Amino acid sequence: MSELYHKLERIVKKEHISNDLLVRHSYSRNVDLILQGVPDIVIRPKDEIEISEILKVANEENITVIPRGGGDCEFGGSKPINNEGIVLDLKRLNKIIHLDKDNLVVTVEAGISWAKLNDYLCNFGLYTGCMGPGSGMTASIGGGISHHSVGGGGCAKYGACTNQLVSLEVVLPTGEIIQTGSQANKYSQAPFNRFGNGPDLTGLFCGDNGIYGIKTKVSLQVFPKPEFAAYKTFQLPRKERQVSAQIMSEIRHRGIDVYDLMYLMDILVRFEIQENFMPMWDHLKRKRGMIFYTIEANSDQELQVKEKQLDKIMDENKCEYLGSEIADGNIAKWHYTEQGHWQFYHNLWGIFPTMQPLTAECFTPINNYPSILDDIDLWDMQHEEDIQKIFEICQKRSIAGSGPILLIDGNNVEITCGFTSFWSVFDGEVHPEIDEINLKLWKSLLELVTKKGVQWYMMGDVVSRLMVDIGAYGEEFYELMKNIKKTIDPNMILSRGKFNFWGNE
Amino acid sequence: MSELKNLKKQWQAIMSCMNCGDCGYAIRSSVGRYLTCPVKEAKGDQGFEIYFSRGRMNVLKSILEGKIPLSKELAEFAYQCSECGNCTEVCHQSQNEYIILPTSKWIDHVEVWNALRKDLVEAGYAPLDKHRNLIDYMNDETMRNPYGEDESKKFEWLSEFPNIKQKADLAFFGGCTMPLRQVNTLKNMMKILNASDIDLAISKDEWCCGSIALRIGDEESVKNLLERNVAVFKEMGAKSVFTACAGCYRTLKKDYPEILGEPLPFEVKHITEILIDLLNSKNVPFKEEQDEQKVTYHDPCHLGRHMNLYEIPRDVISQIPGVKLTEMKRNRKNAWCCGAGGGVKSQFSDLALDISKDRILEAIETGADILTTSCPFCIGNFIDAYNDLEPELQEKIKVIDLIDFIASKI
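Chains A and B are the protein sequences, given in the same order. So for the first sequence, the working numbering puts the first residue at 1; every next one is plus one. So for the second sequence, the working numbering puts the first residue at 506; every next one is plus one.
Treat each hint with caution, since some may be false.
[Claimed, not checked] Mimicking EDC-like on lysine to aspartate or glutamate, the simulated pairs with C-alpha atoms at most 20 Å apart in a straight line are:
no., chain 1, residue 1, chain 2, residue 2
1, A, 95, B, 546
2, A, 14, B, 546
3, B, 572, A, 47
4, B, 901, B, 859
5, B, 744, B, 704
6, A, 396, A, 436
7, B, 548, A, 47
8, A, 443, A, 384
[Said to hold, decoys possible] With the Cβ distance kept under 10 Å, some of the chain B side facing chain A (calculated, not the full set):
no., residue
9, 528
10, 570
11, 576
12, 601
13, 894
[Unchecked claim] A partial selection of chain A residues facing chain B, derived with a Cβ cut-off under 10 Å:
no., residue
14, 16
15, 26
16, 71
17, 119
18, 274
19, 278
20, 353
21, 428
I should point out that these hints are in silico values taken from the structure, not numbers from a laboratory. All values reported here derive from a predicted model rather than from experimental measurement. Beta carbons: idealized from backbone N, C-alpha and C, even for Gly.
Just chain B, same shape as in the assembly (with noise of 0.2 Å):
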């Protein structure tokens, strides 16, 4: 049993779960609840419980009384999981600050989920092949980053803009998707801030942030990352650092404080809070006539129920000329997730895909014409999956980082 060190840490949480099967089951429509897993949901006829939280729990309820060990079987079920937090969300909901429900104190799925990771990752079942590989790649001197790429690449884009600093106030820390993979997406969030005169400062000296390595339960390999990321902040005088990264903010944000155990010496912002900071002073100088256009925006988990911070990027769309924002069915708390978190979309990229088409299906139901979020793996997923759509479903709506939805316009 000594290989349950992370799991036992637990033990209040998981043997607190009634097996009530609101994580897989749920609807309530006069809240905007809509079921709860998008793993289940997936995985449609073939959806056994163990594809939710409530058939998870009884297996490691059945760990921790050590009738049943580790194993690798369990690591491929349990990386099944984009860990979207959605079982978290119905099982706290009252849906009424006066009402709380017990679970809402013992349970935290997403941990509990980190948990039986670390401990499969330390007893040698995971990481998986093609997560081990993301991580050899993290930590490769050459590399930094997960995509396997040169490490000078990341910054490559920089040369075509001669104006971002070596120390400022205001750091940007890119991260490896967008510089990597949505290199446009950065070019122009440079155009808005730069429209904007905003100063800030960039280091090519910032390595991966180590977000696939903590979902994927390996946080021996993010401590040098995180050490090595703080001191190049410092060494910059930021006081604060923003990301246009979900997971990044999320893990600078939340998990760097929590590994560090004391607070971080410089404030963690997302880019839609420097966005609506300058929204808010005008200082964004869209094109005078604008069509108008129907967006629905998806909150990316890292962004909503890991970090609660779901009503600034509406502001930034509402703010947009011409722009009218319309919800889809399940938003905010009950939002779905897009499929791609929690290293399902490098290990299992189908089930990512068959998560996302469903929800770029519901945001047509919106009748939007444009779906945007601000998550570079939300949008990577959302345009995979669009690549699949039959060209009529192609055809109703179109999906857009928004940060490119705003550049459009200016």
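Next up, chain A with everything else stripped away, as it sits in the complex (with noise of 0.2 Å):
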């Protein structure tokens, strides 16, 4: 056992830390299915303290941390880049510390899923607006806030759950802890408000995917859930890229208040459909794409206003009406009951078996988004080669898309674009070449959707080093951003090799 491990052991305790090599394995992936990085140890801390002098460690001892809450990166953000490494597994940080009622403010332990936080805030007729990330029944709310998640539900009205940040706990990589917002004044009684105090450090922390500091504590505003919600499912006409735009443009254009919006491409319904994944729209004569809307109101009337809007905008725009069941094809319904769901929400994955995404996650403006689809269609054209290589083996081949375009805060969209594929274990045996194929057409496909001038927000380890490696990031604010890393960091030991910022080594 070695002499960091030791001093590690005596902050945890021996239960909450092991350099056992299944444990290690077991917290080696993220989603994907190319990156693993094995780290030397696994340790569960149970608070800022904790935390704090384990960095210290790393510190004296040149080993990076990484931190881990949920797990349900899709680039490998919460596994180390290579094997090495201490993974901080945050799901200890899992309490709900104060409620204020009065404010409207919640304050919860950093590693809490968003689904258990939300969970208790119904209780008091509550909830977060934007319910994290899609996959927020197990992904931790300090994750989210470290990469402006969306997409579990709220994200048309709400934003991204950064919107909502009031006030932040932070440990330094060097050890030290930090609090943000209101709370930077330590007179202040409670988190009350973000900005002020001098310039917006908690922004410093927002999407920062884990390289400036390990987030504690999370202080949210949080909402009165409105009594009353419509969700409707429509099927698009021709053309339904530019017409699904187009609504999306109206929507914002008209002022009309959404609190979901996605729309599907035809490729994911005909597939679903294919496959029988979908049994509610078996019935449906053309395999086109849908489009669906959520709203929320506080009385009856107002809810009518909204959907009369909406619908006359769907209407215009030549968009069928499945129906108001889950049954008709009304899918709306379920996403909104069901307040979401992983598997539907990146609904290519896993249509055949062991094929899994090889995607990122982006922001674009809702203008942007159908010329990109159309450039991704051209770009698995153009891999037909490389991709042939794989059907070889697999006999199914990968493809190339996009999950749900979702309608996010002003005039952008999310999308989850890139490339889905298989395993290099096939029929129980082992293809190498496939990790290679894959690794090589995913960055292809990022370094496309890149240049068409996207924002990534969960980057993790393969977007934010090819960000850098294609000189994506104009020369002064990557200087800047290694800076100040340089500056809160000296030794990189947290999240080493992000960004590409390795540090001395």
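Using the hints, build the complex out of the two chains.
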């Protein structure tokens, strides 16, 4: 047992630390099917004090620390980039610390899941508005804040989850513990607002992909959950990409308050019907794309007004209403009453056995996404030769494309786009050449989408480094980001390698 | 890699796991889902991911990729799983018949855990020590049961019931747990059946069903038991065979035909399926005056998630005079395991007790007077956990097998 291990064991006690080979492998992957990094040690601290001590030891020993919340990153964000380091499993930080019912602010430990928090809040008729990422049943609040997450519901109305952020407690890479937002003033009794007391240093840690600090406490605004809701699903006419973008744009220009709105491409609908995953759509004659909306209101009258406005837009754009029930094809009802579902939200995943994502998640203006989707189609055809090599082994074709296009705040959408492919283990045998092709194609597609000017928000291992590798960052911006990193993390301890901040080594 | 014969057959399931983690953390109150893995929760602050499905699947991916081998250490983790199937359930739940989640087509976690256990046994890393003893007892010609008791002891209770036949259309498979550990429940079952004038046959030639060996992954040890038991029931002329044990029920009804590769020559029923027929035909002579009692029902994993038998036991309870059935927060497909299954009770008894206490506390939350179930293994584990509880908690609820509960009413 190493000296490092003993030092860490003294901080957290032996029950909360492991260097067992099997435990380390159990933390070595995220959602993608290529990237693996086996940590040296997995440790489960209970609070910010233990985390601070762990980081001080990591600095002494010059070993990287990788924070891990729900572990739901699609791009290797919460496992080491190489086989090294300490994975900091933050799931023990799962308490609700305080609900300020007067000021509608909840303070939680950062490892709690979005689902657990919302399960608690519903007892008071409250919710978080943006319900976190699509993986919100498992994903942690801290992970959501580290990525500006959207997708679990409510982001057309409330935007990314960082919009509701009030303050953070963060352990800096060298072990200092800071409070942000209103809590930067040590005389503040309770968190109430994010902006003020100088620059918005809370923002430094939002969407930082775990490089600038470890969030340990998070205060979020919460909202009364409206009593009334409506949800409708429509089938789109021809030229569905342009029409869906037109609908989203009109909704924004007319200022209609929608809770959620999603466009599902025809390829998703076609595959889901063809492979018998959506009996509710079996009756459809045409396998075109779908668009659905969800609205919330405080009265039936308000609901009806909004519904009428939205239905008029759908009607003007020749969309076909599918009916009110799930059996009619109304996926919006299922999505809202179930608060979304990981597998639906990424619904190309798993259509065939072992078919999983090599994707990434980005924001882009509404009027940009039809051309991104067109270019992805073109890319798919241009890379037929490589895709065919995978086909020859797996007997199914990998698919480039996108999950649902999701309206977020502003005139923007979220796209989960990329390449959905197969594991290198097929029929019980290992085919390493599949990994090589997958990685090459994944990076190629991400480069294409990056050059369409998108804003990646969940970047993890692969996208954060790709942005640097292909020179996508403005030189001055990247230097500033790197200088901030050097200032607060001189040994590059935290998430070493992300954004290619490798430090002295 | 040759020792991975069974895991390799499960490669699609293992590689189709998307690592979402709902098998460890899912909470969705709108559909009654409050967490998933009883082992992970019982481990509490020590709950590294290897204690629930996602982490285990990651390890199996590495094994199939040839990066790590099977080992004794892996066996220690692998058997700390009650095989309750709750991870499968949450992985497949769309909650709606019109929407099917892809994973439901490719992944059956319990099948994966069984494949791992078979490979561990074949590679010599399992059975673990206490499991080894159970299988040795089961295979011992003087015992034929996993409790290490003399074979004749299993049938001593029959002397009180001379009306039991040697041949009949309806045969009873006694199994091992009830005759050796909960014999009064068997006697109570006979009290109910005798009061209803049911003809049934029992054979002293039956052997252990082999459930424990199957859960441990030693299928070879089961083959001769299976052949013997099927031959015994054929000889008895049985058209239907019923059992009061959820584990035997799953083994006879699901595992035997799968291993044989053909249907059994008789139908297999659970005691609740017999009881519901008696109740529907008003053949149970209940006492006239009954105190009102609030009862909550625990779904045994081997009846519920493994065999989809959820409503019949509830129908039985609902027909008992004076009884009001109240559901626990987690019920039917979302039910929390008692912690005993998959060999956990015998090898990791403290873990089984911790899980069981959690379930009893959930039952107490309902305000029920009685926690009942229809599985001797669940009952045994509940009673052990109950005896460990503080007296003030014990006063709040009683734990009783459904058969005993009905017998107390006639």
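Results for each hint:
Among the hinted pairs, residue 95 (chain A) with residue 546 (chain B) is consistent with the structure: their alpha-carbon atoms are about 15 Å apart, no more than 20 Å. Under the criterion of a C-alpha separation no larger than 20 Å, the hint pairing residue 14 (chain A) with residue 546 (chain B) is consistent with the structure, at around 19 Å. Our distance criterion of 20 Å between C-alpha atoms is broken by residue 572 (chain B) and residue 47 (chain A), whose separation comes to about 34 Å. A hinted pair counts as satisfied when its Cα atoms are at most 20 Å apart, and residue 901 (chain B) with residue 859 (chain B) qualifies at roughly 19 Å.
With a C-alpha separation of about 13 Å, the suggested pairing of residue 744 (chain B) with residue 704 (chain B) holds against the 20 Å cut-off. For the proposed pair residue 396 (chain A) and residue 436 (chain A), the alpha carbon gap of about 18 Å is at most 20 Å, so the pair holds. The straight-line distance between the Cα atoms of residue 548 (chain B) and residue 47 (chain A) is roughly 19 Å, inside the 20 Å bound, and the hint therefore holds. With a C-alpha separation of about 16 Å, the suggested pair residue 443 (chain A) and residue 384 (chain A) falls inside the 20 Å cut-off, and the hint holds.
Look at residue 528 (chain B): its Cβ gets to within about 9 Å of chain A, closer than 10 Å, so that hint holds up. Taken as an interface hint, residue 570 (chain B) checks out: its beta carbon lies about 6 Å from the nearest beta carbon of chain A, inside 10 Å. About 8 Å separates the beta-carbon of residue 576 (chain B) from the nearest beta-carbon of chain A, less than 10 Å, and the hint is met. With a least beta-carbon distance of about 5 Å to chain A, the hint placing residue 601 (chain B) at the interface is held under the 10 Å criterion.
Interface restraint check: residue 894 (chain B) against chain A, minimum CB-CB distance 24 Å, threshold 10 Å, status violated. Using the Cβ-Cβ criterion of 10 Å, the hint placing residue 16 (chain A) at the interface with chain B is satisfied: the shortest such distance is roughly 6 Å. Given hint, residue 26 (chain A) at the interface with chain B, holds; its Cβ is 3 Å from that chain's nearest Cβ, closer than 10 Å. The interface hint given for residue 71 (chain A) is met, as the beta carbon of that residue sits about 6 Å from the closest beta carbon of chain B, less than 10 Å.
With a cut of 10 Å, the hint placing residue 119 (chain A) at the interface with chain B holds, because the nearest CB-to-CB distance is about 5 Å. Given the 10 Å rule on beta carbons, the hint for residue 274 (chain A) is violated: about 13 Å separates it from the nearest Cβ of chain B. The criterion of a C-beta within 10 Å of any C-beta in chain B is met by residue 278 (chain A), whose closest approach is roughly 6 Å, and the hint holds. Nearest Cβ of chain B to the Cβ of residue 353 (chain A): about 4 Å, under the 10 Å cut. The hint holds.
For residue 428 (chain A), the shortest C-beta to C-beta distance to chain B is roughly 3 Å, which falls under 10 Å, so the interface hint holds.
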